[in-house]
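> Sequence:
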Amino acid sequence: MLGLDLEGVCRGFVGRIYTSFNPVRVVDGVLTYGGRVVFVGSSRDVESLCNVLGCELVDLGSYTALPGFIDSHIHLLDVGEVLNSLDLRGVKSIEEFKSLLKEFSKSLGGWVIVRGFDHELLSSGRMLSRYDLDEVVPDKPVVAIRVCGHLGVLNSKALEVLRLLNEGKVDLSSGVVVEDVLDRVLERVRYEMSLDEFEKLLVDAQNHLMRFGVTSVGLISTTVSDKLLLALLSLQRKKALKIRVRMYMSYKTLKSLGLLTKVLSSLGNEWLRVVGVKFFADGSLGARTALLSKPYSDDPLTSGVEVMSRDELTQALRDVVGLGFQPAVHAIGDKALDNVLEAANTVGLVGPNSFRVEHASVIRDDQLELITKLRPGIAIQPHFILTDWWVVKRVGLERVRFLYRFKTLLNLNLVIGLSTDAPVEPVDPWETIYAAVTRGCLDSIELCRYSEDEKLTLTEALHLYTTGSARLLRDYEVGSLEVGMLADIVVVDRDPFKASDPKELRKVSTVKVFIGSEEVF
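Just add 145 to the spot in the sequence shown (first one is 1) and you have our numbering.
Among these hints, one or two may not hold up.
As the list claims (entries may be wrong) - Lysine-lysine pairs mimicking BS3-like chemistry, simulated, CA-CA at most 25 angstroms apart:
no. : residue 1 : residue 2
1   : K480      : K552
2   : K302      : K285
3   : K387      : K657
4   : K407      : K345
5   : K439      : K372
6   : K285      : K243
7   : K285      : K247
8   : K552      : K538
9   : K538      : K237
10  : K285      : K383
11  : K538      : K439
12  : K302      : K247
13  : K480      : K538
14  : K552      : K518
15  : K657      : K600
16  : K345      : K652
17  : K372      : K400
18  : K397      : K407
19  : K439      : K407
20  : K397      : K480
21  : K387      : K372
22  : K251      : K237
23  : K643      : K600
24  : K397      : K439
25  : K407      : K372
26  : K302      : K251
27  : K345      : K384
28  : K657      : K384
29  : K552      : K600
30  : K552      : K643
31  : K552      : K648
32  : K372      : K397
33  : K372      : K384
34  : K407      : K480
For the record, the hints were derived by calculation from the structure and aren't laboratory data.
Could you build the full structure based on these sequences and the hints that come with them?
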């Protein structure tokens with residue numbers, strides 16, 4: 146041993162290690178130092194180097210190591226809120242909802258925020274109303290947020306507190322609010338929270354993510370981005386920020402920051418950077434607020450909601466790009482995608498570093514030409530296929546082949562990142578990967594019957610969850626375990642490529658997680 150005074154962690158890994166997925170490269174030795182990969186080769190060479198340098202050696206044994214997963218679109222604060230709240234996913238009846246809400250609200254003195262209900266699952270077949278909430282919690286303000294995050298139901302007390310009784314966008318008979326009105330509700334609640342409360346929610350969320358091998362995120366912020374950024378900076382100063390965060394601020398917050406916007410895109414480090422700005426062209430298919438070019442098949446009276454017009458999008462893109470940020474535009478419906486693509490074309494944006502589209506859930510054939518020309522980055526969420534089991538009735542058989550066109554987009558050689566949109570979908574990457582490679586065909590999802598050819602392979606899904614997501618976030622230091630890359634490594638209990646049945650992918654579990662070569666789980 147040389148007895149070198151090595152500052153920083155020196156750690157070697159030996160065993161079955163995937164360093165990348167495009168191309169697929171498997172090695173049996175990786176050496177990390179100072180948070181980065183410094184050598185890739187044989188286990189014998191890594192063991193020798195560890196002996197010489199005095200590095201810790203991690204023998205994987207029967208386990209497998211992969212690059213850390215990168216969730217390119219996630220709502221970190223919301224994940225923390227769900228972990229500390231009542232998660233209503235899977236609730237099957239209004240009576241069950243009422244029972245859970247009543248019990249949960251007993252311990253709370255102020256706002257009661259609950260998430261995750263899906264009215265499509267309720268046995269009554271109807272949307273929740275303010276009166277359902279009033280019946281069990283009449284004396285505290287309650288907000289029940291649908292699983293998609295684009296629709297909420299407020300009880301009477303919440304409507305009074307928020308002075309929304311005269312708000313034209315609120316259906317007073319039901320208490321239902323959507324899109325920007327729901328955002329204003331959440332903004333009001335969150336600005337009443339302390340910075341310490343924000344930090345706790347973020348730490349809870351990051352700890353939850355690390356359990357599943359997620360090491361970097363594209364944090365999408367739709368409200369109170371200024372306060373959220375302060376909490377992240379505070380955590381970083383305390384060295385309590387363990388995952389890598391690439392933040393997308395809300396357009397509304399950006400416009401309020403004044404002179405700070407001139408330098409914000411140039412600040413940051415390997416842990417925290419503000420890389421972009423998020424805004425909405427439409428809503429969700431679940432709430433029937435996604436903007437379609439033709440009316441919904443199961444509700445011909447609406448085609449969705451245009452949250453921002455084409456002219457507004459054009460101006461927003463100019464503003465954001467002029468400040469050095471990457472615009473991230475939410476567009477689920479095909480008409481919303483028309484507006485985004487035409488606005489980007491007007492501004493002259495080309496390539497994934499110039500702009501990205503969130504979701505792109507409905508894509509017509511005639512839109513592929515402009516997509517190919519502009520080459521936006523695209524963040525996709527394969528688990529939507531399992532959650533949105535009702536989606537065929539929303540768009541009808543005539544448009545069903547336009548849904549979730551993952552393979553089509555991949556064949557255009559676009560930069561694509563996988564993501565969960567959590568807490569909308571589970572944070573577990575293997576659930577997302579399972580959805581991407583099976584497309585609901587093993588879960589009796591109707592969509593599979595019409596678009597099985599849009600399945601991804603396991604290799605493609607893993608590439609998009611690592612290098613693909615990294616490039617979408619404009620990050621070139623993560624996503625693989627090649628020499629010079631940041632040493633973000635997840636160790637799992639089995640080699641996913643040896644699964645004899647795709648259902649086995651859902652059973653893959655995380656054993657250890659290293660971020661910057663530091664063991665965090």
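> All hints are to be evaluated individually against the structure, with a verdict given for each.
Taking the hints in turn, this is what the structure says about them:
no.: 1; hint: K480 with K552; verdict: 21 angstroms, holds
no.: 2; hint: K302 with K285; verdict: 6 angstroms, holds
no.: 3; hint: K387 with K657; verdict: 14 angstroms, holds
no.: 4; hint: K407 with K345; verdict: 30 angstroms, violated
no.: 5; hint: K439 with K372; verdict: 39 angstroms, violated
no.: 6; hint: K285 with K243; verdict: 14 angstroms, holds
no.: 7; hint: K285 with K247; verdict: 11 angstroms, holds
no.: 8; hint: K552 with K538; verdict: 22 angstroms, holds
no.: 9; hint: K538 with K237; verdict: 20 angstroms, holds
no.: 10; hint: K285 with K383; verdict: 36 angstroms, violated
no.: 11; hint: K538 with K439; verdict: 14 angstroms, holds
no.: 12; hint: K302 with K247; verdict: 15 angstroms, holds
no.: 13; hint: K480 with K538; verdict: 18 angstroms, holds
no.: 14; hint: K552 with K518; verdict: 18 angstroms, holds
no.: 15; hint: K657 with K600; verdict: 29 angstroms, violated
no.: 16; hint: K345 with K652; verdict: 30 angstroms, violated
no.: 17; hint: K372 with K400; verdict: 14 angstroms, holds
no.: 18; hint: K397 with K407; verdict: 16 angstroms, holds
no.: 19; hint: K439 with K407; verdict: 41 angstroms, violated
no.: 20; hint: K397 with K480; verdict: 23 angstroms, holds
no.: 21; hint: K387 with K372; verdict: 19 angstroms, holds
no.: 22; hint: K251 with K237; verdict: 22 angstroms, holds
no.: 23; hint: K643 with K600; verdict: 19 angstroms, holds
no.: 24; hint: K397 with K439; verdict: 30 angstroms, violated
no.: 25; hint: K407 with K372; verdict: 19 angstroms, holds
no.: 26; hint: K302 with K251; verdict: 16 angstroms, holds
no.: 27; hint: K345 with K384; verdict: 14 angstroms, holds
no.: 28; hint: K657 with K384; verdict: 20 angstroms, holds
no.: 29; hint: K552 with K600; verdict: 6 angstroms, holds
no.: 30; hint: K552 with K643; verdict: 23 angstroms, holds
no.: 31; hint: K552 with K648; verdict: 20 angstroms, holds
no.: 32; hint: K372 with K397; verdict: 13 angstroms, holds
no.: 33; hint: K372 with K384; verdict: 18 angstroms, holds
no.: 34; hint: K407 with K480; verdict: 33 angstroms, violated
Of the numbered hints given earlier, the model fails hints 4, 5, 10, 15, 16, 19, 24, 34; all others are met.
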